[in-house]
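Enquirer: Let the sequences and hints guide you as you build the complete structure.
Number of protein chains: 2
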Amino acid sequence: MALAVSPLAPKNGFPDIPPVKGVRFATAAAGVKYVDRADVMLALFDPGTVIAGTFTQSATRAAPVLDCEHKIKSQTKDGAAFLVNSGNANAFTGRAGEKSVEAICDAVALATGVSASRVFTSSTGVIGERLPDDRICAVIGTLADTATATGIKDAAQAIMTTDTYAKGAFRLHNGTTIAGIAKGSGMIAPDMATMLVYIVTDAKLPQARLQALVSDATRRTFNRITVDSDTSTSDTLLVAATGASDVEVSEDAGFAAALEDVMRDLAHQVVRDGEGATKFVEVRVNSAASEADAQKAAMAIANSPLVKTAIAGEDPNWGRIVMAVGKSGATANRDRLGIRFGDIVVAEIGWVAETYREDDGAAYMKREDIVITVDLGVGKASGFVWTCDLTHGYVSINADYRS
Amino acid sequence: MALAVSPLAPKNGFPDIPPVKGVRFATAAAGVKYVDRADVMLALFDPGTVIAGTFTQSATRAAPVLDCEHKIKSQTKDGAAFLVNSGNANAFTGRAGEKSVEAICDAVALATGVSASRVFTSSTGVIGERLPDDRICAVIGTLADTATATGIKDAAQAIMTTDTYAKGAFRLHNGTTIAGIAKGSGMIAPDMATMLVYIVTDAKLPQARLQALVSDATRRTFNRITVDSDTSTSDTLLVAATGASDVEVSEDAGFAAALEDVMRDLAHQVVRDGEGATKFVEVRVNSAASEADAQKAAMAIANSPLVKTAIAGEDPNWGRIVMAVGKSGATANRDRLGIRFGDIVVAEIGWVAETYREDDGAAYMKREDIVITVDLGVGKASGFVWTCDLTHGYVSINADYRS
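So the sequence lines, in the order shown, correspond to chains A and B.
Just remember that my numbering sits 2 ahead of the position in the first sequence, which is counted from 1.
Just remember that my numbering sits 2 ahead of the position in the second sequence, which is counted from 1.
Keep in mind the hints are simulated off the structure, nothing from the lab.
Computed from a predicted model, the values in this text were never measured in an experiment.
Hints should not be assumed to be uniformly reliable.
Derived pair list, reagent style DSBU-like, types lysine-lysine, alpha-carbon separation capped at 30 angstroms [to be verified]:
hint : chain 1 : residue 1 : chain 2 : residue 2
1    : B       : K35       : B       : K101
2    : B       : K101      : B       : K79
3    : B       : K298      : B       : K206
4    : A       : K298      : B       : K298
5    : B       : K368      : B       : K298
6    : B       : K23       : B       : K73
7    : B       : K79       : B       : K206
8    : A       : K368      : B       : K35
9    : B       : K368      : A       : K35
Expert: Following this line, the structure appears as structure tokens:
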């Protein structure tokens with residue numbers, strides 16, 4: 003099925019991303035599942051590259067994820083490669099899944115000269131079906147031969163499943179370039195959704211420093227988004243720094259901020275392509291007893307089907323926010339609880355605000371981007387989450403089409 | 003709005019519940035919010051009655067819940083009363099909410115001679131609006147005067163909000179009668195949903211024993227159901243034992259089982275009236291490391307929007323079950339995981355079963371009642387949850403109508 007582009011998609015389309023030194027991309031149509039479209043992406047990195055990553059915490063994570071986690075741990079500074087296919091997740095495929103990963107890594111090594119231990123793969127698509135690795139291996143020679151510095155947009159398209167738009171972002175900082183692509187839009191029938199993110203930069207820094215920056219920024223970006231509370235078996239973020247700019251950034255706070263910017267930008271784009279989404283929602287929680295409590299309350303609000311359907315209906319139903327705070331397990335002072343929609347004070351000190359008018363709340367809810375702020379009234383910690391609404395579109399995408 | 007009766011409603015309608023010795027019911031139309039229907043229910047208990055209860059764990063629980071929790075702790079064996087209104091939840095109403103509870107309890111005490119400390123109230127309906135307690139107090143005299151032993155069905159109707167049918171159940175055991183009513187159907191626009199359950203019996207047993215039986219059975223009944231993972235500020239279960247049958251049941255395992263039967267029956271009826279529900283689903287989890295792990299995995303499956311929409315679409319999408327197990331946090335052996343739909347083996351030892359045919363799974367999914375069994379492959383503990391599917395009906399009820 004072809005889905006209409008999300009109404010929340012970036013108005014300017016895919017950004018005009020400049021080449022990143024030491025990085026080349028290629029795509030091909032292997033026919034893993036889709037026909038007449040590119041479904042395999044290769045990213046090739048020059049010697050000197052270090053790789054960092056973060057992965058799904060799922061107990062049923064897929065074979066490529068387990069392989070990446072293993073390889074991230076012991077690294078050289080040789081060349082490296084990412085090989086990603088869409089159409090089949092290679093998840094819940096037992097021993098056969100591991101063999102497919104091996105076969106693909108060996109084929110990439112053979113075609114590119116990169117060591118198999120430096121090939122990182124991801125797969126996204128249907129679960130439980132054997133990955134047709136032979137079809138992927140058959141195009142790897144072509145991929146190696148056609149890789150170019152300007153292929154990043156094609157790469158972003160090749161990894162889409164039922165995303166409604168390709169997702170890319172970049173920042174320039176002090177002579178370095180940071181560019182990223184992502185796929186994901188919650189969970190997509192008939193496939194298991196997966197969020198995949200690949201970021202490349204020509205900055206120079208040790209692997210341990212890159213990993214620390216990525217792990218830290220992940221906490222504030224990709225770990226702060228939720229579409230439907232469901233977690234994929236395959237979520238993967240890989241970051242490659244080629245060092246080809248010769249600009250050392252280990253102690254450069256501006257580089258860390260620029261990297262986090264790219265990650266936040268891509269995280270927002272994933273939420274904005276949430277299945278059936280019509281609203282982009284930021285949930286902020288303040289005056290919590292701890293950061294963990296703030297996060298717990300924010301996630302409970304963002305994942306509540308009742309809150310999400312109210313937002314879809316443009317209904318300023320703040321009672322459902324009180325409910326979500328109550329069930330979250332976070333410590334809250336019922337008699338000091340406060341709620342705001344944007345700058346509108348809805349509730350304070352445990353009851354509806356005297357100044358609040360339902361019409362103001364209803365008018366605010368008509369916006370495309372909504373900010374909900376909740377004060378728990380017990381401490382000084384804060385947290386936030388980005389999410390989208392829950393609409394008929396979500397149910398249609400996930401229930402109306404048979405796999 | 004008038005909703006069509008749930009397709010999962012009991013085929014025989016409301017059961018023909020016999021009177022319970024020492025218990026009388028009355029209802030009245032107080033105009034709390036609804037017009038032209040009874041919206042207040044009084045249950046009156048003779049001296050000798052003991053009361054047990056379990057309540058929502060929400061941190062934002064409503065004033066009546068806090069009052070009931072307090073009163074449950076110190077009890078006499080005097081007469082007692084339950085007073086319940088629909089249309090307004092008296093939740094998130096600050097000090098005013100507590101005063102409303104006090105006013106109602108005092109009015110019931112005055113009209114019935116029962117001590118105010120023995121009056122237990124519940125409220126269900128809109129949140130954050132001051133309860134018009136004067137309208138409720140105005141009908142309490144009439145309620146006291148008209149209470150009859152046969153009014154339980156009217157009582158079940160008076161506490162409905164947008165439930166699509168009244169819920170009742172009873173069991174006879176060894177000269178005692180156990181009868182119960184419930185309301186709840188997930189979360190209902192424009193109101194915050196609430197599950198309220200009242201069970202009455204003429205059996206004779208000490209309060210501590212009754213509370214122990216109720217708490218224990220709650221773990222296996224009402225705490226095993228979920229419609230949309232959202233928890234009300236007002237969920238309340240109250241059980242009154244009048245002792246009027248003069249049958250001592252403290253050591254009678256059959257009574258405990260009959261009580262649990264009534265609770266399970268009502269719990270199922272609440273799920274069967276889940277908003278928009280078209281399927282009743284039992285999720286069983288076996289071979290878990292602990293009972294807590296089994297429950298965690300079962301709840302993750304039952305609350306997954308992806309699993310619930312797949313069931314709505316009659317799609318045997320077992321990959322989503324693997325995903326839900328993976329995200330649950332329960333320990334699972336990916337390579338020993340097994341899944342069954344009814345008796346159909348879908349997956350075993352970590353991959354799709356050789357005997358599994360997609361057509362068989364699809365045919366099974368067309369049933370109204372569905373059993374999903376998952377083996378985690380790590381231990382000997384089990385758990386289960388009852389839930390329903392997630393349909394366009396749910397979104398319509400919660401998003402399409404403004405509050």
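Enquirer: Next step is simple, just say for each hint if it's right about the structure.
Expert: Here's how the hints hold up against the structure:
1. Between K35 (chain B) and K101 (chain B) the CA atoms are separated by roughly 19 angstroms; this keeps the pair inside 30 angstroms, and the hint holds.
2. Among the hinted pairs, K101 (chain B) with K79 (chain B) is consistent with the structure: their alpha-carbon atoms are about 26 angstroms apart, no more than 30 angstroms.
3. For the given pair, K298 (chain B) sits about 36 angstroms from K206 (chain B) by alpha-carbon distance, which is inconsistent with the 30 angstroms threshold.
4. Using a Cα cut-off of 30 angstroms, the hinted pair K298 (chain A) and K298 (chain B) holds, with the two alpha carbons roughly 17 angstroms apart.
5. Annotation: proposed proximity of K368 (chain B) to K298 (chain B) holds, straight-line Cα distance about 27 angstroms (limit 30 angstroms).
6. Restraint check for K23 (chain B) and K73 (chain B): satisfied, since their Cα atoms lie roughly 23 angstroms apart, inside the 30 angstroms limit.
7. Annotation: proposed proximity of K79 (chain B) to K206 (chain B) holds, straight-line Cα distance about 11 angstroms (limit 30 angstroms).
8. Between K368 (chain A) and K35 (chain B) the CA atoms are separated by roughly 27 angstroms; this keeps the pair inside 30 angstroms, and the hint holds.
9. Restraint check for K368 (chain B) and K35 (chain A): the C-alpha separation of about 27 angstroms stays at or below 30 angstroms, so the hint holds.
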